[in-house]
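Novice: Spelled out from the first residue to the last, the chains are:
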Amino acid sequence: MAVLLFFRDVLRELWRGPLIYWLWILFLCVIIAVGGWSYIGQLNNGLVVTNMSNQVSWGFYISNFTFLVGVAAAAVMLVIPAYIFDRKDIRDVVLLGDTMAVTAVLMAMLFVIVDIGRPDRIWHMIPVIGRFNFPASLLAWDVIVLNGYLLLNLGISFYLLFSHYRGREAKLKMYMPFIILAIFWAISIHTVTAFLYSANAGRPFWHNALLAPRFIASAFCSGPALAIIILLLVRRLAGYPVRQSAIDTLAITMTVALQITLFFVFAELFTDFYFEHAHSASARYLFFGLHGAAKLTPWIWTALALLVIAVTILMIHPLRHQPLLLNIACVLTVIGVWIEKGMGLVIPGYIPTPLGEIFEYLPNATEVRISLGIWAIGLLTFTLLAKAGMAIERGKLRFRDDIEEQLAGINSEEEEESLATTTPLRSAE
Amino acid sequence: MAGKQQIEKTPDAIDQYRRTFLKRLGLATATAVSATSAHGAWSGKTLGDAFADFFQQHYQRMTAEQLKQTLRRIERKAQQQYGVNISCTDTPPLDGVVFGYAINISKCKGYRDCVEACATENNLAADIRYIHVLELDKGNMNLELADRYYEHETVPVEGKYYLPIQCMQCDNPPCVNACPVGATWRESDGIVVVDYDWCIGCRYCMSACPYSARFFNWTRPNLPAERINPHTNFLGNRPRPVGVVEKCHFCTQRTRQGQQPACQEACPTGARIFGNLLDPNSEIRYVLENKAVFRLKEDLGTEPKFWYFSDR
Amino acid sequence: MLLRWLSIIVAIATPGIMAAEEAGAGRIGYQLYPEAPGFTLQPRNHTSKFQDCSRCHEEGDTDPEPRRLKTRHTREIDHGGNRFWCLTCHDGENMDFLRTSRNEKIAFEQSYLICGSCHADRQKDWYFGGHGKRVSGWQGERIILACTQCHDPHTPATASRKPQPPPPVRAGLDRQEHHPPATSRSWEP
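Residue numbers (the numbering used here), protein chains in the order written: chain A, 1 to 429; chain B, 1 to 312; chain C, 1 to 189.
Hints were generated in silico from the structure; no laboratory data involved.
In this text, a Cβ means the ideal position worked out from N, Cα and C, and glycines have one as well.
Treat the hints loosely; a few may be bogus.
[As the list claims (entries may be wrong)] Pairs of lysine to any residue, SDA-like flavour, derived with a Cα cap of 25 Å:
id	chain 1	residue 1	chain 2	residue 2
1	C	K124	B	N290
2	B	K291	C	Q31
3	A	K396	A	P127
4	C	K162	B	T269
5	C	K162	B	A266
6	B	K160	C	R185
7	B	K291	C	A120
8	C	K162	B	E135
9	C	K105	C	T148
10	B	K291	C	L41
11	A	K295	C	R175
12	B	K138	C	W85
[As the list claims (entries may be wrong)] The calculated label-pair distances, taken between Cβ atoms and stated as ranges, are:
id	chain 1	residue 1	chain 2	residue 2	range
13	A	V128	B	L278	51 to 61 Å
14	B	F54	A	N147	16 to 26 Å
15	C	S184	A	P135	37 to 47 Å
16	C	T183	A	N208	44 to 54 Å
17	B	E144	A	L19	42 to 52 Å
Required output: the full structure, derived from the provided sequences and hints.
Specialist: See below:
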């Protein structure tokens with residue numbers, strides 16, 4: 001069947017690659033192994049191996065989860081121009097955006113799994129056979145939207161890639177409804193994640209209406225930033241044709257989103273510090289330290305500095321068009337938002353506790369190792385998916401009816417020669 | 001090309017490699033399984049018990065027979081893990097009862113007798129205490145300035161007052177909404193309980209609680225056998241596994257049989273008043289109707305069932 | 001006229017008579033707050049070495065002059081400023097009993113009747129359960145402690161003592177020392 005051959009061809013493509021590809025895979029596998037080793041220790045001993053406490057009950061894992069859901073949502077920043085505004089140049093790279101989204105959701109789910117105390121009881125969340133507290137629990141909503149988003153993206157990507165693999169155009173009528181659904185769903189995954197925090201009336205640092213807009217704004221600058229980095233990398237390393245106009249659109253999107261993000265941060269600062277009261281205590285802890293506890297202040301000020309530098313570069317047209325500076329701005333944005341939305345949001349919500357206690361938290365080596373392992377899984381997944389996807393998009397992988405010849409390996413040499421030159425991408429009409 | 005090179009390998013070499021790999025994989029798996037059996041959640045259990053544990057249903061869905069078997073399993077587990085014979089019962093809520101609690105803060109001297117009595121009665125792990133006593137300066141109730149770790153030669157300290165805090169058993173509990181698997185809920189007698197065998201340990205309820213009243217078992221509780229209270233209740237003080245959340249449950253094993261909670265019994269100054277809010281003649285009702293009572297964080301709308309009052 | 005005087009005598013004498021009848025027994029006959037839920041006192045444990053006071057104190061032989069006494073079994077009195085002395089509560093006529101502020105003879109088991117003459121609000125709370133300690137279950141028979149079972153009437157203030165240890169932090173973590181500022185007295189110049 002064509003689908004089986006599809007997977008066979010994909011696997012064959014993944015097995016081919018230059019030395020640098022294999023070194024990268026090996027490097028990632030080492031990090032994954034180290035993370036996996038630490039995780040086994042965590043399974044055996046419990047979450048006591050982390051630095052989390054009853055006071056700060058969510059830490060590095062959920063910080064990463066929060067950031068990654070934003071990255072996943074930001075794939076919509078490629079989907080909208082590609083399909084709603086019918087930008088052909090972005091349509092060519094939208095699959096890479098989808099791949100980024102799939103990978104980000106996968107990593108987010110892995111971060112949740114390593115964070116919960118009883119992963120052997122995950123089945124308790126399955127409706128009917130388990131018990132699913134929907135719609136009361138925001139976590140239940142999050143499970144639905146994340147899984148749905150994963151399926152949507154996997155489904156759309158698979159349909160597109162499989163159609164191209166068969167040498168056919170994907171039928172827009174078939175998948176456009178899912179594209180529209182995916183656009184709204186993307187916003188919803190990050191809104192629900194924000195509501196996860198802002199629903200807690202007992203945590204004043206999170207309990208404000210601006211949190212969901214802040215999440216969306218920071219997602220829409222960090223996501224495209226990561227997308228730009230990825231696109232520039234595949235252009236450089238794999239020779240994949242990425243039009244500069246696509247990069248420029250992403251950069252403009254990122255600029256505006258970053259400006260809005262910084263404006264929201266400013267609004268938060270004003271609201272917390274103009275008339276300081278008990279509810280400002282977490283903000284004071286984060287930005288200035290509280291009663292001698294100040295472990296997070298270097299983090300947040302670094303993040304803000306990085307974001308301000310990034311937005312300055314991005315706002316100045318000639319600088320934004322300079323590739324090196326654009327790359328720097330993207331990296332700074334990713335790191336800045338990762339801090340601001342991760343450690344800079346999750347941890348201060350717990351400090352001080354609702355009973356006024358200050359108990360600080362910073363991740364320990366185990367948490368960092370496990371987190372790096374999950375990031376490495378994500379990078380590995382992205383590498384494999386992107387490699388296969390790009391091969392299909394370039395026409396390198398095509399379904400062939402001549403099974404016997406393929407099995408005998410007769411045409412493989414010719415196939416290699418004919419595909420040595422870069423073929424233009426198929427862009428769906 | 002790598003693919004071509006592989007095909008060129010001799011079949012014998014491949015077979016040999018595959019056999020060795022599988023043997024090592026099998027050995028590693030067996031080692032891992034037995035290693036994890038030695039620690040962690042499976043220590044000493046039979047396979048049947050392990051299976052039954054894994055597939056155990058939510059408390060509210062168990063049939064009477066399943067519940068009975070679950071209780072026996074918990075007793076067996078305690079014997080295996082701690083070497084102690086315990087009894088685990090299921091005491092349902094009493095009809096016509098909603099529990100309320102009041103603390104007379106002019107009587108609380110900060111002895112922390114309640115804290116320790118609770119720890120003994122409820123088989124608390126060494127690093128969990130359901131009750132925390134906050135020491136505050138007289139003249140304000142700014143919790144940021146409170147100290148829960150006070151160590152003095154004598155209490156009460158001049159110029160300070162003491163606020164014991166524990167689960168407020170809210171009538172509008174944010175933790176119940178937060179739990180994605182419904183492992184925590186409010187029973188008809190007003191107590192918010194946790195099914196420790198259903199909790200997945202996501203700790204969202206801990207984020208939701210405005211009173212820092214919920215605690216997580218970061219590691220398996222290490223209960224010294226001689227200190228274990230063998231009279232346990234399923235939705236109460238039975239030994240808890242690792243990776244689940246727990247909290248004060250108004251001593252269901254005692255209060256649902258008409259006894260006072262351990263903290264009330266331990267308080268030497270009579271600062272704690274516990275009873276049935278639905279009984280108009282109860283002491284708790286007298287306090288609510290005749291004393292200037294307040295609750296913490298009233299403005300959040302959690303409707304806690306834990307009041308504070310003062311004679312002075 | 002006769003009826004009026006008779007009713008006054010009965011009203012005054014009844015409490016004393018009933019209390020005297022109930023001396024040593026558990027159940028209260030005399031109800032200050034009839035609407036209060038009924039209760040039983042936890043029996044006294046007689047800690048004093050000296051029982052049967054009238055064995056040594058013959059009736060009527062005590063000197064009624066308020067003074068400071070220092071003998072083998074008198075107690076320091078830190079109660080009521082300097083207004084109290086032994087015979088404020090002990091019945092000098094018959095040392096097996098106590099006396100109320102109306103000079104009624106009551107048993108040691110009804111010592112709470114004395115406390116309420118000054119601590120009326122607290123006594124009302126105690127009758128209804130807003131003060132004191134219920135030592136039985138919250139349901140069923142109500143057994144409570146008498147005043148003197150928590151408050152030594154000679155030095156009633158609750159003693160200071162060493163508290164139990166501070167709470168632990170999570171296994172594997174250390175306590176963190178953060179020092180909140182002292183309570184601000186913002187009104188101070």
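Novice: Does each hint hold? Answer for all of them.
Specialist: Hints versus structure:
{"no.": "1", "hint": "K124/C with N290/B", "in the structure": "11 Å, holds"}
{"no.": "2", "hint": "K291/B with Q31/C", "in the structure": "22 Å, holds"}
{"no.": "3", "hint": "K396/A with P127/A", "in the structure": "42 Å, violated"}
{"no.": "4", "hint": "K162/C with T269/B", "in the structure": "14 Å, holds"}
{"no.": "5", "hint": "K162/C with A266/B", "in the structure": "15 Å, holds"}
{"no.": "6", "hint": "K160/B with R185/C", "in the structure": "15 Å, holds"}
{"no.": "7", "hint": "K291/B with A120/C", "in the structure": "15 Å, holds"}
{"no.": "8", "hint": "K162/C with E135/B", "in the structure": "14 Å, holds"}
{"no.": "9", "hint": "K105/C with T148/C", "in the structure": "17 Å, holds"}
{"no.": "10", "hint": "K291/B with L41/C", "in the structure": "24 Å, holds"}
{"no.": "11", "hint": "K295/A with R175/C", "in the structure": "15 Å, holds"}
{"no.": "12", "hint": "K138/B with W85/C", "in the structure": "34 Å, violated"}
{"no.": "13", "hint": "V128/A with L278/B: 51 to 61 Å", "in the structure": "36 Å, violated"}
{"no.": "14", "hint": "F54/B with N147/A: 16 to 26 Å", "in the structure": "22 Å, holds"}
{"no.": "15", "hint": "S184/C with P135/A: 37 to 47 Å", "in the structure": "44 Å, holds"}
{"no.": "16", "hint": "T183/C with N208/A: 44 to 54 Å", "in the structure": "28 Å, violated"}
{"no.": "17", "hint": "E144/B with L19/A: 42 to 52 Å", "in the structure": "59 Å, violated"}
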